Structures are given as structure tokens and as C-alpha cells.
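Listed below, chain by chain, are the residues.
2 protein chains.
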Amino acid sequence: MKFGGTSVADLDRIRHVATLVKREVDRGSQVAVTVSAMAGETNKLVGWVRELSPMYDAREYDVVVAAGEQVSSGLLAIALQNIGINARSWLGWQIPVRTSSMHASARIEAIDNAQLDERLARGEVAVVAGFQGIAPDNRVTTIGRGGGDTSAVAVAAALKADRCDIYTDVDGVYTTDPRIVPKARRLERIAYEEMLEMASLGAKVLQTRSVEIAMLHRVPVRVLSTFDPDKGGTLLCDEEDIVEKKPVSGIAYSRDEAKITLHRIDDQPGVAAKIFGPLADAGVNVDMIVQNVSPDGKKTDLTFTVGRSELQRALDAIEKARDTIAYREVTSTADVAKVSIIGIGMRQHPGVAQTMFRTLADKGINVQVISTSEIKVSVLIAEEYVELAVRALHSAYELDAA
Amino acid sequence: MKFGGTSVADLDRIRHVATLVKREVDRGSQVAVTVSAMAGETNKLVGWVRELSPMYDAREYDVVVAAGEQVSSGLLAIALQNIGINARSWLGWQIPVRTSSMHASARIEAIDNAQLDERLARGEVAVVAGFQGIAPDNRVTTIGRGGGDTSAVAVAAALKADRCDIYTDVDGVYTTDPRIVPKARRLERIAYEEMLEMASLGAKVLQTRSVEIAMLHRVPVRVLSTFDPDKGGTLLCDEEDIVEKKPVSGIAYSRDEAKITLHRIDDQPGVAAKIFGPLADAGVNVDMIVQNVSPDGKKTDLTFTVGRSELQRALDAIEKARDTIAYREVTSTADVAKVSIIGIGMRQHPGVAQTMFRTLADKGINVQVISTSEIKVSVLIAEEYVELAVRALHSAYELDAA
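Quick mapping for you: the protein sequence lines, in order, are chains A and B. For the first sequence, the numbering used here assigns the number 190 to the initial residue and increments by one for each residue that follows. For the second sequence, the numbering used here assigns the number 190 to the initial residue and increments by one for each residue that follows.
This is chain A alone, in the form it adopts within the complex (with noise of 0.2 Å):
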């Protein structure tokens, strides 16, 4: 079981928790339990670090930032003990969490399951700091914001969990976002690959690290609410234990996207090395990418999209790089969003993109950029277009809920 910020933001809702946990291990469930830090905790420290010192060392914020989990886990535990649950938490140098060493941003490497195996079987709840680990030099790690998903995943993958509960502010996984198309649908079941496109695409419920782990290693996570946890919630599973697949099983979008044009460059083996060499130096992450057919066999345009906070970044990187690039001119908006549709039932049914070509089509919205994959298709579109065309789509693919 996974308990978010928000769910653990103050005593009530932790006792509220307790209860939840109670439930579980009254049906005889063996229960682990990650927990975020109480909602507002990890902002105020994190404040605190960059107010000391806009160069901080990530060594120290891992030290503090990890003080909001420690505190919450010891506070679950004894709120468990008042009602009779058996319980303890775990540090994650406890534990141990293995992770790298990449302090603020370090990925899980080996989570040593023999005590807490042990205790479980004992019938002892164990509530585990989420979001925190161990380097090798034996110095507090965090798993880096949003960390408290990956953290309760590879728990469960650790002790081969039956299955690993998400409690959230939200219900489960909707086929788009509520805000945007009240006539969204929760899913019953997603498949890991779609769920993996979601979270990557856009879609807020879950990070996409900790789905990777839920995928590699076989984890039924299922997304459920805190605050009404009978209310269905979904299932991530195998793509065979989802019975109809349907061509789209969901709408995503982003507006975090930018996009750069590179004017006449050569048409010839090799440019690309040259433009997105550069670009991987700098850390900028390449997205979509599309080059025109040139003309003349000699020049054409290449255009390519970024992160939007990578914008500056990229561009500073192509002009340190113009003479090797040699291209004549640089234009870039960050006025652009990209709208993703995803399904595992698309590699069944052919003529699924052209239903969304069409739809936009009709809609009048311009389609700049593509980028297919056997599951997805996503289109870069004019920022102002995104909500007409997420509702569009989602009832071209017969989403809407009756």
C-alpha cells in the first residue's frame, strides 16, 4: 500500500490511513506500507535548502528532504500500534535501499528484502520511508520528487508483492483528463505499456519510473483514492488479462513542449550527428523530430521539439555549434503542445491514425509534427488547439462515457 502526501497531510488523515491499512491486514493480507512525506513538509524543506543556497549540495538536500518521509513513517507506525496493528517503520538505510549515488535523482538498485520478509511473516506491518535510500558510501539518498510511487513499486517487486495498492487523490486511470472532458471514463484495467506511454506522454497518476519497475517485474499496481478507496480504482496488467482492446484505451496530453526549426542545412549523411550531438551534451532531451523532403536534393529544413524549461538551453547549444551545423537560420516557438493517443489495440486495428489526422482535420487544427510508435501516436498542434482536440478525439474513439 502507497500513501501519497496528501494522504498522510495531517494526524486525522494519517489515523484515516491506520484504518485503511487495518482493513487490509484484517483480511489477512501481509501488508507493507510506503508513505510520502505530510503534504507541504518536502516543499518547506526544499525551501529552506534553496534559500541557504541556490548551489546546494544534493548530498545535504537529500539529508533533509529525507527528514519528511522518516517523520511520517514513524508517526503511521504509531498510529497502527493505537488500534491494535502490530507495526514498525523502516529508514531506508534500514532497510537497505540501494540506489545509485546520484543524490536528489538516484535510481533504486536492490532493496534487501530478508528482514522485512521475516517481519511480515510475523505478522508485523511494515511502513517504509518512501523516496529514500542509501549510497554506497553509506550517505542518505532521495529518489527525487514524485519518488514515493517508484519507492512503494520496488518494495512490492522486492517481496514479491500480490499486488501493490496506489492510494491517491484521485479514483484510478481515466481514458483523459477530467478537467478537460467531463465525459472522461475511469479504466478498469490499463496494460503497463499504456500506462507507460500515459505517464510519458503527459498523464499525472503515476510515474513513469515506477511503471517501468510495475512492467519489469510483473507488480499488479492498482490506482485507488484515499479519501473513497471502494470506488473501483485500476488495475495495471498483463496486456493478455485485458479481454477487449479497444483501438485507443486513452487521451494524453502535454503543453511542456517546445519547438525548434533549423533552416537549410545539408541534405546528406551525417547532419544529424552534428545538430544533436551538441544537443545531447548539453542535456537537452530530444522529442519529435521531422525533416522535410528537400526540394532540390541539396537543402532542406529539420525540425525537432524540447522540453519547454530546455527551450533556452537547446538553442544556446545550436548556436555554439552553427559552424559545424551550417545552417542559415534558427526559428522556435514554445507556443505548441503535443496530443497522444495510446492503445494496445491499435497494433489490431489498422487506420486508427487516420482517424485522428481526420478529426483534427474537421476540427481545423494544423498538425506540425508526428511520432508514431506501435502503440501510440502523438501530434504536435498550436497550444491553443489542445483542448478542442483531446475532446474531439476522445469522442472519435468512442471514449465518452454514456
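Note that these hints are calculated values from the structure, not bench results. On a predicted model such as this, the values are computed, not experimentally measured, just so you know. Any given hint could be a false lead.
Pairs count within a copy or across copies, as identical chains cannot be separated in the list.
[To be verified] With a straight-line Cα cutoff of 25 Å, these simulated DMTMM-like cross-link-like pairs (lysine to aspartate or glutamate) come out: (1) Lys-509 to Asp-470; (2) Lys-552 to Asp-485; (3) Lys-233 to Asp-199; (4) Lys-488 to Glu-573; (5) Lys-211 to Glu-240; (6) Lys-233 to Asp-490; (7) Lys-463 to Asp-485; (8) Lys-393 to Glu-573; (9) Lys-487 to Glu-563; (10) Lys-420 to Asp-455; (11) Lys-233 to Asp-201; (12) Lys-393 to Asp-476; (13) Lys-463 to Asp-476; (14) Lys-487 to Asp-419; (15) Lys-211 to Asp-201; (16) Lys-420 to Asp-551; (17) Lys-552 to Glu-377; (18) Lys-463 to Asp-358.
Position chain B against the provided structure of chain A, taking the given hints into account.
Positioned in the frame of chain A, the structure of chain B alone reads:
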């Protein structure tokens, strides 16, 4: 260097503490710093624990409360780095500080100084989270409220430090409480033995346990003000390092007293064991004891004092043992206070106690119980006379500032 909660109460004060540490580094010292939690944090965390469960698990209490020092140690390390000082934080389990497993009031048993020594030799400042350690089973312990002083002195002893500077909100140890006696003087030096008596008899400057450790390991401890660090301070040192030994160095008082009298008990061997056995079993500390001369050689009265917060527990224990003790009646009062004169010079100066009794008698103050050791005399008096008694004694022993 040790900084308490008020010294690191907010980011500005943490920055100020960093400058004090830098000053010491710039003088060429190798520096280890221990810090308490930011003022108010510990109370907040303890309040949460108590609100969740009045019968909380002390092991979880320790997990929650130790987070306070974790935050302040990380923040101070960052503040130091920000002004160019090479520094890192050390949590109790990282050093490690090994303690007993008496959670919430553990005793420090060993501090492994190998890692710290090596880092200090490289010129790195060690910022140690005070007040915490680990039990033999690897769980987090805290060494009890006010344990920050004890941590600091224990770390200084382990590192064989040349000096342990305790920065606090007063600028040293005074002849008595300046709030009661405006003419109280700051002592340049005080012997460990005297400080130990002062601390255990009510002076709040240093924790008793920290003075014991300082005395045992001969750590030169200096008490000085965070906010006015150049204003002298007081040095704790060996008796032989104090040249002019006055008969009385200081006057302590404590209102945390209660008096119990058992009337008409048997005046025969073994009766004391019958009384104090049950009290010890109930965890009550008995302080002063006086037994009246028995007029008929058969029945007598016995009076003793206990901490005011333990009065009810003591009375309950005595009531339960009524048949074994065989007393006629019990009377008790909490309207008493203990006033003590302390001084290593007492050994060489006869008549010191006599001056105390005469001074009190001159003011019409009745002495209810007396207890003495080689370097102190304590008397129990009615609480309402405390200020009068302390002021009169301060003058009588010529301690008033000119």
C-alpha cells in the same frame, strides 16, 4: 562547538552559526559541530506523537523526533558550504553513535571516531546531528530532552578535542539565577564537580549527564553565548586549575520538590528498606531523607523528598505498601523548594554551613530538611521564601557583583 535549538531557530540564525564556525576554522582549528533541532521543531514532533497515542512506542517516537536534528545538521552543512567551508552532516547512525536501547532516553555507549578523525584531518567540518544514535538492533535512539549537550561533550571526548564550546542563549554560568539576583556574577571558571552539583541541584545551563561525561574524560567545556560570543563565557575545568577557591561558588535552587512524611513508624532496623523498596520499584527517586529522633525509642516520624511530578506516584506506592510499612498517617506537600550552596572551597573552609543556617534564621526562614555532601549543602524550605533565601545567601557568601 555545540549549538542549541534557539541558536539554529531559523535560516538567519543558521547563517550566523555558520559564521561562528568559520571564525573557528579560520583560526586554524579542526571543528566538529553538533546541533539541536530548530527551536520549536522538537515540541511540534513530540506533540504529534502524543496526540496520536498517549501510550506511544518510544522506538517510533525516536524515529519521528530524530528528524529534527537531521534537518538542522543538513541545513548548517549547506550554510557552511555556501561561505566556502568544506562541511558535511553526520547522522547518529552514520558515525555511528552507539547507545543503549532505552529509547527516548538512551545512554551513549561508544562513538566511533575513525571516520570523523579522518575527515577532520582533511580540513572538513563535521556537522553532527545531536541528540541521536543507534541501538544495538540498528534502530534510531534519542538521548532524551536536552541531550544535545551530552552529544556534544561525548563527541568532543571521542575526538579528544582540545575544547568543547557550548553555545547557548546565556553567556556563561552565573553565581545564581540572574532573574532572582540581579547582582549575580558570571564565573570565569568552575570546577567540574561544582558544575555537576549546580546542574543536578537546579541550575539549567548544562545537562547533568553532559557534565559527568566532561568530568570523566576531562574535556574542557566552555559555555558561551551564540549572540554575544566574545563576552567571555565560563570554562569548566579541573579543581587544580582554579586558583582562588572561595568557600561558595554558586547558589542553586529548585522548585521541583515535594515532601512526604510518614508518621509513627517503627524505629527499628529494616524499616527504611520497607519504605524505599516499594518507591524504587515504582520508579520514584528519593532525594533528601530525615528521620526524627524517636522520643520513646519505639515510634518515630520519617520525612523525605521526591520530584514534584512524582509525588502522586510516590503516595500511591506507599499506600499500596501500607501493611508492610505500618505507619499511622502520611502527610505531604508540594509547597517546598530546595536551596543549595555549592563550592569546592568548602573543604578548606569550616563553618560554611553554619553561615547558611544563621543567614536563613535571620530572615525567619525555617529549614525543614538538610542534606550535605563534601562540596554542597542543600536545605528544604517553604517555596514562598525561595527568592528571599537565594538573595540573602548570595550576599552572605560575598558573591554580589561590585
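Which earlier hints can't be squared with this structure? Those not satisfied are hints 2, 4, 6, 9, 10, 14, 16, 17 and 18.
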